[in-house]
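**Student:** Construct the entire structure; sequences and hints are all you get.
Sequences listed follow chains A and B, in order.
Under the working numbering, the first sequence has 649 at position 295, and the numbering climbs by one with no breaks.
Under the working numbering, the second sequence has 611 at position 257, and the numbering climbs by one with no breaks.
Please note that the accuracy of each hint is not assured.
[What the hints assert, rightly or not] Partial pick of chain B residues on the chain A-facing surface, computed with a CB cut under 10 Å:
1) G408
2) A590
3) N624
[Unchecked claim] Rough simulated footprint, nothing fancy, chain B against chain A, three-plus residues with beta-carbon under 8 Å:
4) 632 to 643
5) 653 to 665
FYI, nobody ran anything at the bench for these hints, they're computed from the structure.
Think of the CB as a built atom: it goes at the ideal place given N, C-alpha and C, for glycine as much as any other residue.
2 protein chains.
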Amino acid sequence: MALDDSLRGKIRQAVADRFGAQTEFLQQLVRFPSTRGNEHTVQDHMARAMLERGYTLDRFAMDRQEIEAHPGGGEISELHSEAPIVVGIHRPRKETGRSLILQGHVDVVPPGPEDMWTTRPFDPVIKDGWMHGRGAGDMKAGVSANLFALDALRAVGLQPAATVYVQSVVEEESTGNGALMTHLRGYKADAALVPEPASENLTRANVGVLWFQFEVRGIPVHVASMGEGANAIDAAYRVVGALRELETKWNDARVDHALFSGVAKPINLNLGKIEGGDWASSVPAWCKVDCRISILPGAGAQEARQEIEACIADFARQDRFLANNPPRVTFNGFVSDGYELKPGS
Amino acid sequence: MALDDSLRGKIRQAVADRFGAQTEFLQQLVRFPSTRGNEHTVQDHMARAMLERGYTLDRFAMDRQEIEAHPGGGEISELHSEAPIVVGIHRPRKETGRSLILQGHVDVVPPGPEDMWTTRPFDPVIKDGWMHGRGAGDMKAGVSANLFALDALRAVGLQPAATVYVQSVVEEESTGNGALMTHLRGYKADAALVPEPASENLTRANVGVLWFQFEVRGIPVHVASMGEGANAIDAAYRVVGALRELETKWNDARVDHALFSGVAKPINLNLGKIEGGDWASSVPAWCKVDCRISILPGAGAQEARQEIEACIADFARQDRFLANNPPRVTFNGFVSDGYELKPGS
Numbered sequence: 355m356a357l358d359d360s361l362r363g364k365i366r367q368a369v370a371d372r373f374g375a376q377t378e379f380l381q382q383l384v385r386f387p388s389t390r391g392n393e394h395t396v397q398d399h400m401a402r403a404m405l406e407r408g409y410t411l412d413r414f415a416m417d418r419q420e421i422e423a424h425p426g427g428g429e430i431s432e433l434h435s436e437a438p439i440v441v442g443i444h445r446p447r448k449e450t451g452r453s454l455i456l457q458g459h460v461d462v463v464p465p466g467p468e469d470m471w472t473t474r475p476f477d478p479v480i481k482d483g484w485m486h487g488r489g490a491g492d493m494k495a496g497v498s499a500n501l502f503a504l505d506a507l508r509a510v511g512l513q514p515a516a517t518v519y520v521q522s523v524v525e526e527e528s529t530g531n532g533a534l535m536t537h538l539r540g541y542k543a544d545a546a547l548v549p550e551p552a553s554e555n556l557t558r559a560n561v562g563v564l565w566f567q568f569e570v571r572g573i574p575v576h577v578a579s580m581g582e583g584a585n586a587i588d589a590a591y592r593v594v595g596a597l598r599e600l601e602t603k604w605n606d607a608r609v610d611h612a613l614f615s616g617v618a619k620p621i622n623l624n625l626g627k628i629e630g631g632d633w634a635s636s637v638p639a640w641c642k643v644d645c646r647i648s649i650l651p652g653a654g655a656q657e658a659r660q661e662i663e664a665c666i667a668d669f670a671r672q673d674r675f676l677a678n679n680p681p682r683v684t685f686n687g688f689v690s691d692g693y694e695l696k697p698g699s
Numbered sequence: 355m356a357l358d359d360s361l362r363g364k365i366r367q368a369v370a371d372r373f374g375a376q377t378e379f380l381q382q383l384v385r386f387p388s389t390r391g392n393e394h395t396v397q398d399h400m401a402r403a404m405l406e407r408g409y410t411l412d413r414f415a416m417d418r419q420e421i422e423a424h425p426g427g428g429e430i431s432e433l434h435s436e437a438p439i440v441v442g443i444h445r446p447r448k449e450t451g452r453s454l455i456l457q458g459h460v461d462v463v464p465p466g467p468e469d470m471w472t473t474r475p476f477d478p479v480i481k482d483g484w485m486h487g488r489g490a491g492d493m494k495a496g497v498s499a500n501l502f503a504l505d506a507l508r509a510v511g512l513q514p515a516a517t518v519y520v521q522s523v524v525e526e527e528s529t530g531n532g533a534l535m536t537h538l539r540g541y542k543a544d545a546a547l548v549p550e551p552a553s554e555n556l557t558r559a560n561v562g563v564l565w566f567q568f569e570v571r572g573i574p575v576h577v578a579s580m581g582e583g584a585n586a587i588d589a590a591y592r593v594v595g596a597l598r599e600l601e602t603k604w605n606d607a608r609v610d611h612a613l614f615s616g617v618a619k620p621i622n623l624n625l626g627k628i629e630g631g632d633w634a635s636s637v638p639a640w641c642k643v644d645c646r647i648s649i650l651p652g653a654g655a656q657e658a659r660q661e662i663e664a665c666i667a668d669f670a671r672q673d674r675f676l677a678n679n680p681p682r683v684t685f686n687g688f689v690s691d692g693y694e695l696k697p698g699s
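**Tutor:** Laid out in structure tokens, this is it:
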């Protein structure tokens, strides 16, 4: 159903009228330092915003057993968030149209070293039409827009003709378990919109993602008697080399994907975090590396996982040091398949 | 002056008689978890042991200004120990012989991951004639021996004919500032013995040591848009590659050293500790690496320091990522020359 021009104009005006309030609400959201596991208070804020608008509130925790049983469930590590998911439900008096899920996530990625910020990460500043602050773009702006879109409709005396679910989730940046949990709780609709920043494109295909950590252990010795290669940090970096070869192999497979063959490097292995050793003078006895790698649609997250394990084990077997100290591989986040929506789906 | 056989036998017997007590004292020392900065209580224990024996106690703090002004002073970072140095002085009634310094250090290197220990690091266990525990060998056994050697003499009714200084220092594993501080306080003697474990050899030449940290910073981006080489961890590891070339160059110089030309690899660069990035999904914006490298006698610690700085700066200039993000180099521990004692010295 196309909107007539006059109604479209009215709605646009109603959105514009509230843009100041929407921006202010976004600033409130950004002030919550809602990194992973720290989203309790921002979710309470979202719940209050939903209740104020008269929506029915459904607030629930992750069901760990259900998530673990689902093939798309991300691994639940000790860093997994325990913040609730909140859903505001708007039901029309008479259900006639098509239902809609508006979803957004309030978890934000770590701010990194604060001294690399020009402004403070959780103190949003508007400059030249842009708001600066961790998570302002990804994706508290979308979360804010979800609520204010409905506010604008109401302001022009309209309401959706079918049920709308406004969902505020967590764990989007690390496992995807927040969105999965809304699915496991039974939420379904004719359409779902997630206003994640994606250069204002509709995304109809994307890579899957896996998170894993590998840890190398080795007998520590005094540096004066160190042998070649017996350093856990060096050994870990050799493992990275093997993983880069896997990354190349997976990228080469893009030619078989209509939607990815034109992308120069759809698969990225990110060496995201490293920690190893205790101090300068001891040959390090341990090193942990946190990685994120993407997979093409159809590659299969479970198969990819096995391939990563095999890649590391195979490399270790032919490495003098690692053969005696095989790395331990842990999947500690995303285990997500890629997807491709067929035209018309 | 050679000892006659009967006296030598008596002294040996007196040492043997006290070996149980000496071992017990060593166990007490090992129970103090005296890693860097945590040597206060073990130094108090040493002070009590000196006072019990009737030695004059000289207990003093590091004089930071004096240390910083001395060319051999190690860099005083925020991790530098603030524990005191304790010296027990035994003065004879009549000073006739040659004076002696008996020095040992009570700081121990980090225990590393506790689950890699068979026994607990600070709970000394004797098995098959060996004591297991962090620092039992390096060098609380020597510290204990220093005290009990004098006890044995006293037990046979003898005392040294000149002043003996029993020195218990800290910062041996990280800067050498403990030993330096005893020197700056004016301690001198005709001979000094440091019973550091060295395969029961007298060491008459050794390499110098430098500690440094370099840090790479870079603009963080989402992993999906990462470019080649813009990862601070990868960039840090490229810097390590440049430092390995410096290590090779310094090792090649060993042919000019009579006492080191026969050693396969006297210079070791140890990548001792690494930390970088915040989590798997962000391209890391930072990475810090703690290194320890040795230098040949005569190389000059200050010159070596400049060479390390130049090596990193030169490498960074020709690296696409590092040219815009030059690593920051900090010297944060040892800045020690090597030494070579000429025969007869």
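**Student:** Does each hint fit the structure? Answer for all of them.
**Tutor:** Here is how each hint holds up against the structure:
1. G408: 37 Å, violated
2. A590: 9 Å, holds
3. N624: 4 Å, holds
4. 632 to 643: That given contact holds, which follows from 10 residues of the stretch 632 to 643 of chain A lying within Cβ reach (below 8 Å) of chain B.
5. 653 to 665: As far as the stretch 653 to 665 of chain A goes, the hint is violated, because 0 residues have Cβ atoms under 8 Å from chain B.
In summary, the structure is inconsistent with hints 1 and 5 from the numbered list given earlier, while agreeing with the others.
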